[in-house]
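Number of protein chains: 2
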Amino acid sequence: MEFPSKLIENAVGELSKLPGIGKKTALRLALHLLKAETDTTASLAEALAKMRFEITYCQTCHSISDAEECSICANKLRDHSTVCVVSDIRDVIAIENTAQYQGVYHVLGGVISPIEGVGPSDLTIDSLLARIPDSEIKEVILAISPTMEGDTTAFYLSRKLRDFEGVHISTIARGIPMGGELEYADEITLGRSIVDRQRQVR
Amino acid sequence: MEFPSKLIENAVGELSKLPGIGKKTALRLALHLLKAETDTTASLAEALAKMRFEITYCQTCHSISDAEECSICANKLRDHSTVCVVSDIRDVIAIENTAQYQGVYHVLGGVISPIEGVGPSDLTIDSLLARIPDSEIKEVILAISPTMEGDTTAFYLSRKLRDFEGVHISTIARGIPMGGELEYADEITLGRSIVDRQRQVR
Chain Z
1 MEFPSKLIEN AVGELSKLPG IGKKTALRLA LHLLKAETDT TASLAEALAK
51 MRFEITYCQT CHSISDAEEC SICANKLRDH STVCVVSDIR DVIAIENTAQ
101 YQGVYHVLGG VISPIEGVGP SDLTIDSLLA RIPDSEIKEV ILAISPTMEG
151 DTTAFYLSRK LRDFEGVHIS TIARGIPMGG ELEYADEITL GRSIVDRQRQ
201 VR
Chain P
1 MEFPSKLIEN AVGELSKLPG IGKKTALRLA LHLLKAETDT TASLAEALAK
51 MRFEITYCQT CHSISDAEEC SICANKLRDH STVCVVSDIR DVIAIENTAQ
101 YQGVYHVLGG VISPIEGVGP SDLTIDSLLA RIPDSEIKEV ILAISPTMEG
151 DTTAFYLSRK LRDFEGVHIS TIARGIPMGG ELEYADEITL GRSIVDRQRQ
201 VR
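Here the protein sequences come in this chain order: Z and P.
Just so we're aligned, residue 1 is where the first sequence starts under full-length UniProt numbering, counting upward by one.
Just so we're aligned, residue 1 is where the second sequence starts under full-length UniProt numbering, counting upward by one.
Heads up, some of the hints might be wrong.
The list treats identical chains as interchangeable, and a pair is accepted whether it falls inside one copy or across any two copies.
[As the list claims (entries may be wrong)] Okay, derived cross-link-like pairs now, EDC-like style, lysine to aspartate or glutamate, Cα gap no bigger than 20 angstroms in a straight line:
#1 23 - 88
#2 35 - 116
#3 35 - 122
#4 35 - 46
#5 24 - 91
#6 6 - 69
#7 17 - 46
#8 23 - 91
#9 23 - 46
#10 76 - 139
#11 35 - 66
#12 76 - 136
#13 50 - 66
#14 35 - 54
#15 50 - 9
#16 23 - 96
#17 50 - 39
#18 76 - 134
#19 17 - 116
#20 6 - 68
#21 76 - 66
#22 24 - 2
#23 160 - 134
#24 138 - 165
#25 6 - 96
To be clear, the hints were calculated from the coordinates, so they are not data collected in a lab.
On a predicted model such as this, the values are computed, not experimentally measured, just so you know.
Could you put together the complete structure from these sequences and hints?
Right, here's the structure in full:
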């Protein structure tokens with residue numbers, strides 16, 4: 001694609017480096033910014049740069065934070081005896097939005113993936129293991145996506161966590177999602193949802 | 001959606017103002033930038049701000065340009081007797097990519113749309129009409145998308161352009177696109193493609 005201006009070519013080039021944004025979408029975004037007020041672009045550029053350069057991570061749970069300790073870890077009202085282990089900050093936001101969880105988190109920063117060269121030492125696993133002794137932690141919930149890499153990570157973690165006596169390990173429930181149709185569910189999910197069936201309380 | 005950091009909330013807010021980007025995509029983009037090198041964000045923010053604040057428009061054809069006259073208008077080898085009128089800079093790029101057009105352009109900056117409050121005076125129509133007298137222009141091609149607003153704009157323009165004697169007005173060919181199946185074409189397109197059929201050269 002040839003551009004009538006070097007400036008727009010650079011902007012399109014940088015925008016199309018973002019995931020899921022190709023050259024055509026990037027051009028549409030660039031032309032949108034050109035049509036909008038200059039303020040729109042200025043505040044977008046500033047917000048991005050500010051986020052990248054000023055963001056800090058919670059020293060306890062490795063989630064994004066504006067301070068040394070994130071608002072969840074600093075909250076005395078939350079249940080600090082339950083830690084939910086997730087791979088990504090997005091998962092923290094997703095679980096927080098359910099308003100069903102009152103414990104704290106631990107963000108691994110990814111999953112073990114030999115293909116992409118991510119080993120246990122690239123994740124915050126050591127930090128998680130160091131968090132448990134001399135703490136009030138009684139349960140670790142493994143809330144990792146059930147992919148090949150996710151299951152490997154969960155298996156590795158449960159092996160490591162077994163050494164801590166008095167700490168329960170659990171995983172999030174697998175089964176048919178709400179509104180899901182039985183006949184369209186894959187066999188493994190359907191099979192597990194029968195094995196792990198829950199008795200109704202009368 | 002609740003965010004663990006004001007910085008990320010601002011960045012997501014600004015990103016989701018872009019067309020076609022919702023909160024979830026914006027969050028994915030923001031987290032991508034956080035994971036990538038700081039350089040990525042710095043050069044993206046700089047490219048966007050530079051584009052918005054330093055870009056100029058060609059004084060002749062109103063396309064994007066790095067100088068007072070764009071590279072197409074300044075090119076002596078192009079056919080300055082043919083002007084292709086388009087609504088948007090994107091159309092210039094699209095036509096240039098076909099490598100089938102050797103004339104010059106005129107970018108209207110939109111189409112007449114009473115619903116969105118865009119009248120003829122909001123477009124560069126006066127500038128187009130002022131370009132024609134005392135120039136070598138012999139043909140004006142109306143290459144405007146065949147939507148309701150586009151057709152209104154084309155009709156308005158052809159009424160105005162009729163006053164100039166010796167200037168031909170043409171529109172881009174309508175018909176079945178390459179690779180298109182006859183049976184799936186809409187009736188208006190198919191009807192026009194028969195009315196405007198082209199005799200083969202033996």
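- Ascending list of hint numbers which this structure does not respect: none
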